[in-house]
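Chain by chain, the residues:
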Amino acid sequence: MIFRDYIDSPCGLRFILDQLQLMSSCGRKRLLSKELITSEDEREKCYSQLKETFKTLYGNPSPQISATLASVKHKLMCLRDIEGTLLRLKGKVVLDDIDLFEIKYLALLNNAVREDIRILNISGFELNDLEDVVSILDPDGVKAEGFYVYDAYSKELANIRKELKGLKISASKGMAEVSATSDRELELLGKEKLLEVQIREELSDKLRAYSTLLLDSLNTLSDLDILLAKSLMIKSLGFCFPKVSSDGTTIYKGMFHPYIVYLYRENASGGKEKEFTPIDIDFSLESISIIGANMGGKTVVLKMLALNQLLFQFGFGVAAHSATIDIKEGVEICIEKQEDMTSGYSSFASEVKSIDKVIQRALAGERILAVVDEPARTTNPIEGTALVGALLNILKQRNISLILTTHYNVKGNYFRRFRVNGLKDGKMDYMLKETTEEDVPHEAINVARSLDVNKEWIELAQRELGNNKK
Amino acid sequence: MNSFIGEIKKYNSLSIVGLEKNTGKTVCLNYILDRLPSDNYSVAVTSIGIDGESKDAVTSTAKPEIVLKEGTYFSTSEAFYSRKSVLSELKEITSESSSLGRIVTAKVLREGKVLLSGPSSSQGLSRWVDGMKKYNVNLTIVDGALSRLSSASPIISESLILTTGAAYSSDMATLVRRTKYIVELVELEKVEDSLIDRFINKDRGVWGIGEDGSMIDFKVESSLAVEKIKDDITAGVRVVFVGGALTDRFVDILLSSKQCSGLVLVVKDFTKIFVNELIYRSFIKRGGKLKVLQRSKLIAVCVNPVAPNGVVLSSEQLCKSLAEVVKVPVYDLVKNKNIA
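Heads up: the sequence lines are chains X and R, in that order.
Just so we're aligned: the first sequence equals residues 1 to 470 in my numbering.
Just so we're aligned: the second sequence equals residues 1001 to 1340 in my numbering.
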């Protein structure tokens, strides 16, 4: 799965993409097509670069470093996506002046950023040297942007142009006059065009040898853009560098959801900001059920777990105070967005189908993280409880970490239970604690009461509950 | 009196706008480009439409092509650049684009003909004018297109040349009257600086200044929604500002008000006025005043007495009649090649 496949999942990855300050469209394009990192080597390389960059840029940087960073960002802003041109070059097409200009521009920009990177001294990050490409397209050695078929490419061309200049072609004389007075000029113009075409062919041939290198440079510059944006995001959103788990256990301390924190900040009234309660949680390759009051943040926990797993496996900082995370082969997110009318399924059917996918992957032995929000909640509690219990059971000793939320009273000790602390003195305590109690909390009526709704309704419900107990 | 070219050189930017196709815009552009100095003076030129084609796409008549001198910068679409015949160095691929692809900027290395097709929106043009600063050009010229008076907006260029001619109207009296009206709008008086500051950042809506100097928001998106304003706009108001386009209907409503006399109606610049001449004249007659926040300097009116349908007006008569009603110089650049 690639980054793009996850951005519209309900865990909040789109917010991350929106907040990421990428300078170039190529950076964005490259990020969207990044594969989930599943190998330890790749992960290690990715994070050591990120740590190194973060330390250089934000660990008390000198004015020179800050200035160089600004300069790199500005250059990346000017980076243009010429993948199409480079692929055409590879495919033996003769390039025109605009294409050649773009390649020269890329080569000059690459070399300038390469110099800057040396100053930033980010170990493990290197850009190709495109000096050879520059010299092909800059025969006068001016090192300035711009391109035409320079006189320096051919003595014959230079001579023709010199003569033409001498003849001072003036189109303002009108075509009739031109043809009457200057057969020589027309002849020279024809020769000039022919030579220009020949030279463009030669240049394209020469550059073809560098097409792979150029494509690689474009990708590396895009990667640099992503790397700088990820570093900045760690600082701006208060992310941490995660450790990799060696025994399959994932541990989060002080996990938070950046989008909710952002919303709290945006909606702060009178300078008073609602505080997000950071969550601690740990799990291994096992089944876990999170129970607790409505509005107790159970779904948010699932979203945080999915988001952080994705951030980890796309090489980002992670939204927690500290984290040790197990590398997974995939992340399955079964949180209802909105009923998908186009699929032709009811909400129950589409839910069952997506849970079935989780089971299939788990039974195939895949090491995945699956978060499932209130499975079977749309059906009757008797069958719902059976379905949830069976799900926890069937996936208990597989390679999967299954975390689900439920209001159903699932009995048994074949899975771990976490419970939201719930309402205390009229205030919600969102912290999780592990419990062995099988009974789910009975707080729905209290929570509804705290929402200031019709009192008669709530009291009637309370009485009904009392009668049933008797 | 300053010469035609001398007057142009006083400004950093110029728009040439034709009141109709085939009124001699390209002739005017070539005339200016040919006579501007080439030593220590550089020019950048672009077009809001497509200019420089040798044959008119509508009438199939021959058209003058645009000739640029060595050292001139020009911006055109990449499709046209790829087919160029002029020897030029590509300098920049801008972030602007048109239906013909991205807009590129190049410097002419040997005099030759070009096809111009630059940014097509006023914002794009304004950014283009700004972008040319890095080449240290002394003058940017925008070749405006048919019915696209917005390219003449003062936000794009400081100075302006209007071209008019037999293609606009084959009846000399009508031609003179209609041209005079446009010139009158271009030359509308600017409001005082304090009002400019209050209105300049309002791109939409209808606003008023009360007799006590307070600002009134009429709470409508534009003058098109004037029917939504229930009260008499002019009651207790001495200035009305329209943020976007000024329409016939809006002025009509002002006309039906009792307090039209002495009312100052303000728009951003003349390109925002879409008011029929008759309605405008009635408004002025009733004692209203129309003013602008920004205006560009009208340098001259250039005429082309020849229309593609074969109509030929008397150049002398046309120049004379126009000169009598407009305060700026009137030239027929084909007939009189040495006015500069």
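Think of the hints as simulated: they come from the structure by calculation, not from any bench.
Hints should not be assumed to be uniformly reliable.
Derived, one-sided and incomplete: chain X residues facing chain R with beta-carbon distance under 8 Å [unchecked claim]:
id, residue
1, Pro61
2, Asp97
3, Lys165
Lysine-lysine pairs mimicking DSSO-like chemistry, simulated, CA-CA at most 30 Å apart [stated by the list, open to error]:
id, chain 1, residue 1, chain 2, residue 2
4, X, Lys162, R, Lys1202
5, R, Lys1069, X, Lys193
6, X, Lys90, R, Lys1069
7, R, Lys1291, X, Lys162
8, R, Lys1107, X, Lys193
9, R, Lys1069, X, Lys165
10, R, Lys1084, X, Lys92
Sample of chain R residues facing chain X (criterion: CB under 10 Å; computed from the structure) [what the hints assert, rightly or not]:
id, residue
11, Glu1078
12, Lys1084
13, Ser1088
14, Leu1090
15, Lys1091
16, Glu1092
17, Ala1106
18, Ile1155
19, Ile1196
20, Arg1198
21, Phe1199
22, Asn1201
23, Asp1231
24, Asp1232
Note that the Cβ used here is the ideal one computed from N, Cα and C, for glycine as well.
Each hint tested on the structure:
{"no.": "1", "hint": "Pro61", "in the structure": "violated, 29 Å"}
{"no.": "2", "hint": "Asp97", "in the structure": "holds, 5 Å"}
{"no.": "3", "hint": "Lys165", "in the structure": "holds, 6 Å"}
{"no.": "4", "hint": "X:Lys162 x R:Lys1202", "in the structure": "violated, 55 Å"}
{"no.": "5", "hint": "R:Lys1069 x X:Lys193", "in the structure": "holds, 19 Å"}
{"no.": "6", "hint": "X:Lys90 x R:Lys1069", "in the structure": "violated, 37 Å"}
{"no.": "7", "hint": "R:Lys1291 x X:Lys162", "in the structure": "violated, 55 Å"}
{"no.": "8", "hint": "R:Lys1107 x X:Lys193", "in the structure": "holds, 18 Å"}
{"no.": "9", "hint": "R:Lys1069 x X:Lys165", "in the structure": "holds, 12 Å"}
{"no.": "10", "hint": "R:Lys1084 x X:Lys92", "in the structure": "holds, 23 Å"}
{"no.": "11", "hint": "Glu1078", "in the structure": "holds, 5 Å"}
{"no.": "12", "hint": "Lys1084", "in the structure": "holds, 9 Å"}
{"no.": "13", "hint": "Ser1088", "in the structure": "holds, 6 Å"}
{"no.": "14", "hint": "Leu1090", "in the structure": "holds, 5 Å"}
{"no.": "15", "hint": "Lys1091", "in the structure": "holds, 5 Å"}
{"no.": "16", "hint": "Glu1092", "in the structure": "holds, 7 Å"}
{"no.": "17", "hint": "Ala1106", "in the structure": "holds, 8 Å"}
{"no.": "18", "hint": "Ile1155", "in the structure": "violated, 25 Å"}
{"no.": "19", "hint": "Ile1196", "in the structure": "violated, 34 Å"}
{"no.": "20", "hint": "Arg1198", "in the structure": "violated, 31 Å"}
{"no.": "21", "hint": "Phe1199", "in the structure": "violated, 32 Å"}
{"no.": "22", "hint": "Asn1201", "in the structure": "violated, 25 Å"}
{"no.": "23", "hint": "Asp1231", "in the structure": "violated, 35 Å"}
{"no.": "24", "hint": "Asp1232", "in the structure": "violated, 40 Å"}
When the structure is compared with the earlier hints, violations turn up for hints 1, 4, 6, 7, 18, 19, 20, 21, 22, 23, 24 and for no others.
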